[in-house]
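Visitor: Chains as they are written, first to last, in our numbering: chain A, 1 to 340; chain B, 341 to 962.
Treat each hint with caution, since some may be false.
Which bits of chain B does chain A cover? Going by a derived footprint, with three or more residues having C-beta under 8 Å, they are [said to hold, decoys possible]:
hint, stretch
1, 571-585
2, 652-660
3, 767-774
4, 795-805
Note that these hints are calculated values from the structure, not bench results.
On a predicted model such as this, the values are computed, not experimentally measured, just so you know.
Even for Gly, the Cβ is constructed at its ideal location relative to N, Cα and C.
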Amino acid sequence: MNVQSPPEKLTARDYATDQEVRWCPGCGDYAILKAVQNTLAELQADPKNTVFVSGIGCAARFPYYMETYGFHTIHGRSPAVATGVKLANPELDVWVVGGDGDMLSIGGNHTMHAIRRNIDVQLLLFNNQIYGLTKGQYSPTSKIGTKSPSTPLGSIDNPVSAAQFALGVGGTFIARSTDIMQKHLSGVLLRAHGHRGTSFVEIFQNCIVYNDGVFKRFTEKSVQAEMQIHVEHGQPLLFGKDSSKGLILNKDEMRLEAVTLGENGITEADIAVHDETNRALATMLAQMDPPTMPVALGVLYCEAAPTYEASVHAQIDHARKGGEGDLTKLLHRGQTWTVE
Amino acid sequence: MSEAAVIEQPEEPRQEIESAVVRFAGDSGDGMQLTGSQFTMTAAISGNDLATFPDFPAEIRAPAGTTFGVSAFQINFGARKIVTSGDQLDVLVVMNPAALITNLEDVKPGGIVIADSGAFTDRNLAKAGYAENPLDNDSLDGYRLVKIDMSRLTVEAVKEFGLSNKEALRSKNMWALGLVYWMYGRKREASVNWLKTKFAKNPDIADANIAALNAGHAFGETAEMPAELGTYEVEQATIAPGVYRTITGAESVSLGLLAGSQLAGLNIAFCSYPITPASALLHQLARMKDFGVVTFQAEDEIAAAAAALGASYAGSLGITSSSGPGIALKMEAIGLAIGTELPMVIINSQRAGPSTGLPTKTEQSDLYQAVFGRNADAPLPVISVSTPSDGYDVAIEAIRIATKYMTPVMVLTDGYITNASEPWLIPDPSTYERFDVKFRTDPENFQPFMRDDTTLARPWVKPGTPEMMHRIGGIERSYDTGHISYDPANHQKMTDVRAAKINGIANDIPEQDVAVGAAGGKLAVVGWGSTYGPINRAVSNLREEGMDVSQIHLRYIWPLPRNLGDLLHSYDQVLVAEMNTGQLRTLLRSEYLVPAEGLNKVNGKPFLIAEIEDAIRARLEN
Chain A
1 MNVQSPPEKL
11 TARDYATDQE
21 VRWCPGCGDY
31 AILKAVQNTL
41 AELQADPKNT
51 VFVSGIGCAA
61 RFPYYMETYG
71 FHTIHGRSPA
81 VATGVKLANP
91 ELDVWVVGGD
101 GDMLSIGGNH
111 TMHAIRRNID
121 VQLLLFNNQI
131 YGLTKGQYSP
141 TSKIGTKSPS
151 TPLGSIDNPV
161 SAAQFALGVG
171 GTFIARSTDI
181 MQKHLSGVLL
191 RAHGHRGTSF
201 VEIFQNCIVY
211 NDGVFKRFTE
221 KSVQAEMQIH
231 VEHGQPLLFG
241 KDSSKGLILN
251 KDEMRLEAVT
261 LGENGITEAD
271 IAVHDETNRA
281 LATMLAQMDP
291 PTMPVALGVL
301 YCEAAPTYEA
311 SVHAQIDHAR
321 KGGEGDLTKL
331 LHRGQTWTVE
Chain B
341 MSEAAVIEQP
351 EEPRQEIESA
361 VVRFAGDSGD
371 GMQLTGSQFT
381 MTAAISGNDL
391 ATFPDFPAEI
401 RAPAGTTFGV
411 SAFQINFGAR
421 KIVTSGDQLD
431 VLVVMNPAAL
441 ITNLEDVKPG
451 GIVIADSGAF
461 TDRNLAKAGY
471 AENPLDNDSL
481 DGYRLVKIDM
491 SRLTVEAVKE
501 FGLSNKEALR
511 SKNMWALGLV
521 YWMYGRKREA
531 SVNWLKTKFA
541 KNPDIADANI
551 AALNAGHAFG
561 ETAEMPAELG
571 TYEVEQATIA
581 PGVYRTITGA
591 ESVSLGLLAG
601 SQLAGLNIAF
611 CSYPITPASA
621 LLHQLARMKD
631 FGVVTFQAED
641 EIAAAAAALG
651 ASYAGSLGIT
661 SSSGPGIALK
671 MEAIGLAIGT
681 ELPMVIINSQ
691 RAGPSTGLPT
701 KTEQSDLYQA
711 VFGRNADAPL
721 PVISVSTPSD
731 GYDVAIEAIR
741 IATKYMTPVM
751 VLTDGYITNA
761 SEPWLIPDPS
771 TYERFDVKFR
781 TDPENFQPFM
791 RDDTTLARPW
801 VKPGTPEMMH
811 RIGGIERSYD
821 TGHISYDPAN
831 HQKMTDVRAA
841 KINGIANDIP
851 EQDVAVGAAG
861 GKLAVVGWGS
871 TYGPINRAVS
881 NLREEGMDVS
891 QIHLRYIWPL
901 PRNLGDLLHS
911 YDQVLVAEMN
921 TGQLRTLLRS
931 EYLVPAEGLN
941 KVNGKPFLIA
951 EIEDAIRARL
961 EN
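Generate the whole structure from the sequences, applying the supplied hints.
Guide: Take a look at the structure:
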């Protein structure tokens, strides 16, 4: 048997497997992998109780690189597999990882139902607005006009907004970050982990091969300040260089407007304050898109709600209070008769 | 027991008969299923052996009086062993013209037709498509027609309870039941008690139904019944002693799954999606929460299979269930269970197809899908349910194989078995041998895909186990470590070992027996699943006539029993009777090169005994 050694502090490296990471050089997934490993180290997460579940796609290789339990499943179905895992053992700490094609196209239905049921998992959606593994077709989050092998003249269908989708189906935790913002991403992941229920995290991730620079309109260093707003609960919605800009709520038109402090008599008192328990506000924040508005990053929405698996087991516990089931009695339930 | 006041009459001697087939047919709202199940219970209590078959419309609430709204319940009961719900009807009770026009062809020539003449109104006749009232012309001359205005008699019988006419008419099924009870000399006590319990909160309704039941019975005793009706006696059958209940296929499978999970020491995670005729399983298991059973109504068939697999991965027994079209949707997830070698049980309640097909009609046409219906070389064990009570042992066996060999197992049942019922000698769960699952917890030399020498099964490790973290997935796995491997030789080796593991199960299941007759001879009739009853009766009947015919009935469809090839070759002829166009026949021909012939039927109805007898005679009589 093994000798019990005193508990040692785990480092990010302890959460990495010996498997060679096989993403393309320069892929945003490397940074996300590092952020997740850092977050687990920060949490001192117990590897034996941690499970990574994924579907199919570049992002879905994730479990092979995590020194935890891992299940690489089939295209689109990871939220459903993870649901089964949590039903069987609610104590496990489950992370579900996938891309925009996996979770919003072939698996959109499962993503919707996992979120609305509020299964207690962290659901990380790596959104690169393209199919990488199948070599570059447009995805359900691609902007109209995306040229790809399957849309040589440009895509023509409307993209889905991942965060608005998650809010619309009743998500209890919706957050956003990007692959290149290590600290911000780790902070968001920590919050996601702390939330009981489906923690939906959209991570804007650059595909260096098939969709390079698709998010540079807000990730490029030169535009970051003007084109990103980092929301924090209870804090005014300020952005821009030296927080010189902010969002106000135009109550007549029920929409957010970007304003500059000091212009038209605007002061900080006019700026809307982020309330992450307000779904309408979160929806308006999720709708914002450069260049007219900055993209909202951070925890857009968070509310406490019962998790599905806890409710399932509460019903079972309640049923068992009346006494543990007896198979012999069950077999004899209803009308019986005796043949002598 | 409250008896209606009757004028005592000396009872005519009853005609003794060995068995009878009775069908109650009426509108969906006429309560025919309740009537049939009450008659069933009373026949069982009277000591008869029996088999039943309900036949209800696909529509939830079809318009009253229409042919597609007809609901029927058939029972075959007897003083001998009963194995089918009966070929032809001795008695047909019809509550309206639509029930007559849709059921008459099943009545044997000269059989009894009891009709509620009060429901044969112009409007109802038109809805059923009758130009004139068949009760008044000579169209029923070939039958013994008994016209009774049950509607009026029921309303009169329940007058004292102050019900509306519509409410009063709801009791006419009990009036009809009372009359048929009288015909067969049956006691009303069990039904009276049942009505009192069912309508405990509405004593008026209970009393009205009891009054109608008694009135129907009294009508038989007191009225000058036409000689056509007659009275009968069906003696007790010779039945093994013990405590019995009636059981449907849905009940036996769900109880067997529970029993099997207990024998394995596992919790059930039953993940399903509503579909006819499989939903009954989900309903049954959802009521077993006091046993710790987790049920999950998923968003679709795929999610149901995926969640079941996720539950198995986490250490529960993942089970999913559906019917043919839903099973097709689950197949990718089942392939993942095969690749990752996790246990799982899939229950397929087959129905007529392809596509939506005939959702409420039975068929056995998913054998190919079960054995072959996945991408790539993806073998899994397939076992089948032969009778309504057989599901109990089959479900236990499915769990034993799934957990011992770390494989998904598919159970084939069908719409007929799911809904049909038969008496069941209730087993003692403690007499079953346990097969407790041993999760691997020892990290010493652990590799996720290292196999047991005998079973070739890999170890089952639950997440949460210290020092055994590992990854599995759908990409081909390296032979021991389970790491991703694109190595061609490794894929060959893995494909071979997956096949060898499933084939090896043939050494762990019983050899194929001969159900009726002898090993070797002129003709074997081979079947599987719900054709057991009619084949059994047909072969038994013709053996009594001296014909050299035997019955072989398979439980194990894949892998096949290890002696089956030799057994089949010991007959001059092999006839495979199945409710599809020849799926088992193809399998047997390809596996054993036997010149098997087929007897095939796909009209949504089970085989008649006579159809199988005719096929046997055609081969053995010159």
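Visitor: Would you mind marking each hint as holding or not holding in the structure?
Guide: Outcome of the hint check:
Counting residues of the stretch 571-585 of chain B whose C-beta sits closer than 8 Å to any C-beta of chain A gives 7, which meets the bar of three, so the coverage hint holds. Three residues within the 8 Å Cβ limit are the bar, and the stretch 652-660 of chain B against chain A gives 6, so the coverage statement holds. With 3 residues bearing a CB less than 8 Å from a CB of chain A, the stretch 767-774 of chain B meets the requirement of three and the coverage assertion stands. With a cut-off of 8 Å between beta carbons, the stretch 795-805 of chain B has 4 residues touching chain A; three or more are needed, and the interface restraint holds.
Hint violations for this structure: none, all hints satisfied.
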